[in-house]
Amino acid sequence: MTDKTHRFFRFSNEASYETLTTAGNTARSLPDDNGTERWLALWDNTFLDPETSSDRLYCVKKSGILESDNFDLDGIEEINLETYLQRLRWEPPVEEDLELLDELNLELPIH
Amino acid sequence: MALNLSTLTSSATSGDVLAEALTTADFLEPVPVLRNLARGSQKGGDAKQGTALNQPRALPYDGKGYLYLSGVSGNYASVPDPLGALGDFTMQVDGLNAGAVRPDGLSTLISQYSNSGGFFASFILRIYPDGRILLVLYSNSGSETLTSSAIPTNTIGIQVKRVGSNILYLVDTGLGYNSHDTDTSNGNALSNPSRDLQIGTFNNTGARLKGKIGRAVIWNNGTASGTPVLDVDFTATNVRHGDTKFACATGQVVTINQSGNDPATVIKKSVLRFANTPDGSSTINLKGLFGQTISEGYLFAGFSVLGDGGAGSSRIVSFNSTGATDVSNVSYIAAYGDSTQLSSFTGGVGNITQHVGIYDKANGDFIFENKFKASSQISRINNADFKTNTANLSNVSTEEFNIAANATGGDNAAIDLEFLALFPASITDDQADSVRNYINNRNNVFSLIDGFGYYFYDAQKAPVGNITQFAVWSGRIVGSDNGDNTSIFGSQATANDQPVSDGYVVTFADNSDHLDIPSTTQAGWQVVGTSLGTFVYRINGTTAVTELNLLGNLGSTAQRKAGDLYGVMLLPESATGADIESARRLLIDRGSLDGVAGNFFAAWNNRTDIVEFKAPSMRAVTDFKSAWNSCTNLTTFSGAVELGTGVSGVDFSYAFYNATSLVSLPSLDASTGTNFTSAFQQTTALTSFPAGAKLGTEASNVIFSSAFQSSGLTSLPALDLSKGVNFFRAWRSTSSLTSFPSGAKLGTDTSNVTFNEAWRESGITSFNTDLPTGTFFSKAWRSSALISFSAVDVSKGTKFSEAWKDCLSLTDFSADVFTDWNPSSILSGVFDLAWDGCSALSALSVENILTSIAASNQYATVDGNSGSAAIADAAIDIDYNAASGSLSAATNTAVSTLKGRGWSIIVNNVTL
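These protein sequences, in sequence, are chains A and B. Each number in the numbering used here corresponds to the 1-based position in the first sequence with 3 added. Each number in the numbering used here corresponds to the 1-based position in the second sequence with 2 added.
Bound conformation, chain B alone (with noise of 0.2 Å):
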């Protein structure tokens, strides 16, 4: 049954839905009282806290998120240095709270300060407690400070613009920027000292901010206008909750840094701090009683863990007897930390169930959940990592609970706290997987790729360095069943071949690049985030896969990419697309370029893992020349169709070249390519081609040799190929290929086409389609299955030597297709073997082709004139079925003709 919220709080489903984490409380308000929602008439208590110092505290989401500062030493957020030399200014702090505008003490907003090795600054912006804005600013000559009057109260926002030498304050208390003060600086450009921009403190660790930032942005002129040189936006889209590293929207990586266990955060979700010390210190916990014995129950707890995690063995939920300590065998510690595993434990029977290595503020948040009963127990991470136990828990007799606390108010766990709610045991899976999904779907706690994915190489989780034998970068991923093991590491030990991380980005630097993986097979949607675009393809589980490289897996050695890698990710095959959006947005979000770029020749040649690739916007292209060649199991291209549109002169040679498995393709428009040289060769298993399909319609002397040469082709659109200079042996070999289409424009909109061995050993068997542009057409049609030849437009025609010869099943060669034949020069041999071999050819057909010949009234010179030079192979060879007839007057008669025009006429070996 599906449970939403009435039903998750109702007295149906739930007795004992213990609380909700935050609904009303504002930023950084205590929080005495945690509400317990259940509705139903055996509803237990609130979670209470009295002693104001040991209340959590509320760090609500605003609808647009913030950068959290504890006012902590260590705390806040870096960026390399953003800046120049500052001439004219705006600085402009955004989303400010109430103490952020009155600070205990002075407050640095953003600085560029340091003192380590020297002295290096460009200015401080700061806070007085009275709210007075001091800025000081450092220049060649010195500083100067600069004060305003105090701003008001309510101020959200400040901006402060420096034009020339004049000082403009500005404040921004929820109408947009006012004036409020001015002052007069000295007018010099501020020192450039290449050290990082910091938001919440100067020089590391000086007079912290204790609060809130929305934005921080700077523009190097005094009007806040154009693109600004520093523009960190934590309301921004891309920067998600609790990231601790981000690309800002002016390029920069910002750095989060924390320190502790109440520790700077980006906030986009409501959470409820227990920002307890890990040396017992701080007792912050909440409290209350069931008002009825609890013995079994379902709990679903979303938290993530600050700093080490807490004191002792750090308690998150525990349940006790009146008067009994959590780790006698009547209570039941739902579930506690200590060092990184999570468990569960009951006193005499020991811990319950056990999570490795997910207690970790690495982690960030997830859920966890756990069934206990009297005789069997299970515990999930964000419904994987599966545990199970049958211990006896039949002495479990609880009244009263205990957030972040043991009984006696100890062992206190440093969490940020999202949902807590217990159930009764008796749920049935289906209402716990509706209120496990309720959980996820409002916080958005865990998605496919932590849960069911099979790994997840993270640059933000890399070791910073090159990454060696010892210093790993592992695809572990939280909580999941499939890839939270060791053997995933990606490791390399060749120095010269080592990736480097610099703990944002994994960067291969040339082709040598790449890290060794053990042997895998797993089949699913590899999404892979670089900088030279975002690619999803699906990959088999029978082609065993050895090394990561920046585009995912191993293709050609030589032809390893070099670039920045924000992340490889492996779902299930049963990823559905949002799953698989989900996860190419979360790498776009850290900087992966969304779309590509450059040249990708060869880029994924001879991958035989994939079986589908689900093209990104590839407008920007430039080179795909081998792009897929000997794909050998890629069955499917999907996504977006334009294929270096975007850009001029695009080679496409070779792009699919024999990925043996293509089935379909979608309308490609490669509009802007001017070569597919064996574009489609060997595509044995593509048996019709998209008729909206753009091949070279937007370029010039395009060439189509064999571009379709031994492909599976059955039929074929009437494709525009006017462009085309160059066909040949474009379909030569398409054996399954019984007609063509008449429609189809096969250049003609160029000059002097060749269509050597186009059709030569192909399926059709009959032919009607005009080639008015084309001058060789030598082999054209040789050893096809041809069974008649309609009168075509091959007026233009320069040779024709073995065209038609051995077309064995060629019986009816129309009339007049020679008639019009006025080409600008004839060759020596034109028509030498022309129909040698036709073996079925009929008398009328040869009538056919000498009296249309003898019709064009050209003669067997270079240019066709009379006395012009003759060319020196003038024979026309024709042989024929003779047993359709004798050949007619009108054959005799065109005969004559041709003598007399320089021709040699020679049928059946006879000369006549």
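Isolated chain A (complex conformation) (with noise of 0.2 Å):
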């Protein structure tokens, strides 16, 4: 999974999200009869942006995009496999030491 080989996406916009799979899926005659039902997942097995628990995250093999594909819709984001990787292993904030934080920062002047 490089950025040579696949293209990364984040969508926040599910109604587009599906007029590019359904476009995709129509280019591509999909459902075949070799098995294959459609070209990307279903929304809801596409990855859960972690830090806004709405968006969606997915990567697209380059070798299946076909020049038809239009991703240039509103919501659909492209990003780069470092932004891509970042965003899945994002973590909410955990309970920071304020404590500790605070003096930090009152020690700062000493210094």
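Hints were generated in silico from the structure; no laboratory data involved. No false leads were slipped in.
Just a sample of chain B residues kept apart from chain A, beta carbon distances all over 10 Å, derived:
hint	residue
1	Gln294
2	Gly359
3	Asp722
4	Ser768
5	Ala892
Which chain B residues face chain A? A few, computed with CB under 10 Å, are given here:
hint	residue
6	Ala473
7	Ser514
8	Ser628
Just so you know, these numbers come straight off a predicted model, no measurement behind them. Idealized CB from N, CA, C, for every residue including glycine.
The two chains are supplied separately, each in an independent frame; assemble them into the complex guided by the hints.
Following this line, the structure appears as structure tokens:
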């Protein structure tokens, strides 16, 4: 999985995603007779963006992309691999040691 | 009773052992007689074939192994272009038989030559029938043909070296390589075609070799030194009998191309080859007389199917009455193959037992057993796939037997026979077990994987290309009672999420790739072979799994790993360590990484099906963050204990977070870890921690925040956490931890260490551990179960706000805790609410606190010195049990002293 082999997206609009995938399925004559029902995963099977808990993240193999595929739709943002992985690793802030942070800030003028 | 070779062939246990395939035959030797090894008084005759053309041929195991090549078109080994443009080179072929160095016609040893879609060639190395070596070299300026004199007839190895324009031919006749002849080349660099290198032919079909080859090696130098560019070693231990694909020593995937019913075969076991054609034009078989009448028996046959299995209703073994066919009602066909079904049969009744999908070359070798009695019959494949019948066989009465033929010599099976024996039907189940085990121990026919495993997703049996809903990957294993059904197919309907097979590995390209499998709850040992490592887990029988991915089953969808999968097996829970190791070794032999490397962030996160994790070597892993996070059913972590020790800066944060069933850990060596934040947090079943564990001992500035928070620890060894710099909440809410080791080293090899909330709400009742480098102690022991607090070293502390607040049982606070207090700075509120709510604290303890602070000679200033800037909050807050006595004179003296240094002393909410 690299930027050369894949494209990475953040989807914030389910309707746009459905437009993308429906057109993509039509362009590929899916479902076909070879056991493939759809081009991209169903919305619920893409990855929930842990930071927003509403957006979705997904990687698309470049080898499977057609020229006719239109990613230029509202709510479809292309990101790079690094951003994709960072977002998937995002965690809600843990309870910080506020006591320590406060003290470190207080110490700054001294040094 | 145990049954060994001597009893196997004694009259006491066997009157009718027919044969034991191959004991002394030479390579490709026609076999006219297969000796009956039975020694009983009722011993029958040998199996014979008087017509040379119909005699099976021996492919004996020579102790090392080899590739057998039949000389039939389509049978050769191939490797994707491994060479590059060769200048100087050494080409070597070992393990040749006599026929290979005196072939019937010009024969190819190795080549890189193709005229498909154009002309592409770099060389062909061949042997003339008279034994001369023929080397044809191709360069951009044309070709040249080089020839040696005839090599000795006892040559077993040939080596050709080119250095500049000098060609040297060497031969090995069993004494190592010696010079044989020389020649002169034009010295041109060879062409660099991106075409397969082929062993045993050129251009897929030309000048084919009939014989055997043990090894083919090519170096890109003329001295045979260093790592070769190609090393296809059929004698290597990772190459198994019957393999059709394997990774060779230089990493390339070798394919054994097979065609017809005398296919190229890697030989690692002695077999007797009955290479019968499908059209009935060959009648290779053996026949014999029992010398008595047989009406019942217990047959064991170890064999594999060749090509399409032979002609007609291909007989493996049949018995007939003298003069009768083997399909009459007095005869019995113990085993025949038809399409892919393996059956037994008797005339007038029909098929007795049937095994669907077994008579297939794809299944390799297996043991078929068949007990036939007058009113009951059973059969098994690899001690599984149990079939029964109660047909009436009372008419069966036979005097003759046939191997690979019917009574009249037709219906010939194409098989490699490894073992064949007929025992009385009266042998006990224990004796049958012993016979089966004897055969299996001798020939390694099947393992637990084959007979009793629940599934084996074998990458070599995955459909080539994308795995879809139709091109599914079956987890089928040969003869399994459990896995041989359609319910374990892996499929993927979404094009973008489909793994891809090349017939050797299944590649999962990204975190979307996975396969859907029908929901299963089988308990057992899951063995997973991948390019990231080879893993073994015990999985429970209660968590339903619906997905197969690179590391086994689903954990966290977003964190699926990418890589190559060589296979996934599920062995029963009863599998022994040897069984598991055998399965693991098979996958490693195919290329699965022995060990683990890389980033395993969240690799098994939320794998609630795992109950035991047998760790492989994980020395090269750089990131264990959340690796086993929320594996809520994980009870045992075993195996290798070195985690990331081969690299530095390893992250263990959240590694076992919320592994709520984990009851024990081995002495983990996580010495290069730098971050253990929440590593063992919420391991509520973990009551002890291994004394020998190494956490961050070879790192610096190590973080242990919340490392053991809310764990089930009841005791703790004197761990060396001397490189720790932050212990925020490290043992918070460890309510079962009643004591803390005085010898523990907490941040002692570093400075400015934080212990904020470290033991807050813990169960510790006393504390006696020096913390000489600690600077922050806010809420460190707040609301803990402390009863006493010893005179530990907290001399560098800059803030103790709420440190012992609400320690309701704290009675005894030792003298001299602050006597040596000498921090680099003092923070405002340093003692704010420090002993607030300590309702059990004795008056003596108040004296101890205040007199020791006074003894430290520290002023309520930013650096403790007189005359420096005062801190804003200089209060020393203490609550105590007034019933324990009045404040002493010494206390009052200390109060006066402290007030003179700018401190404000508040006891039981009264400012003194």
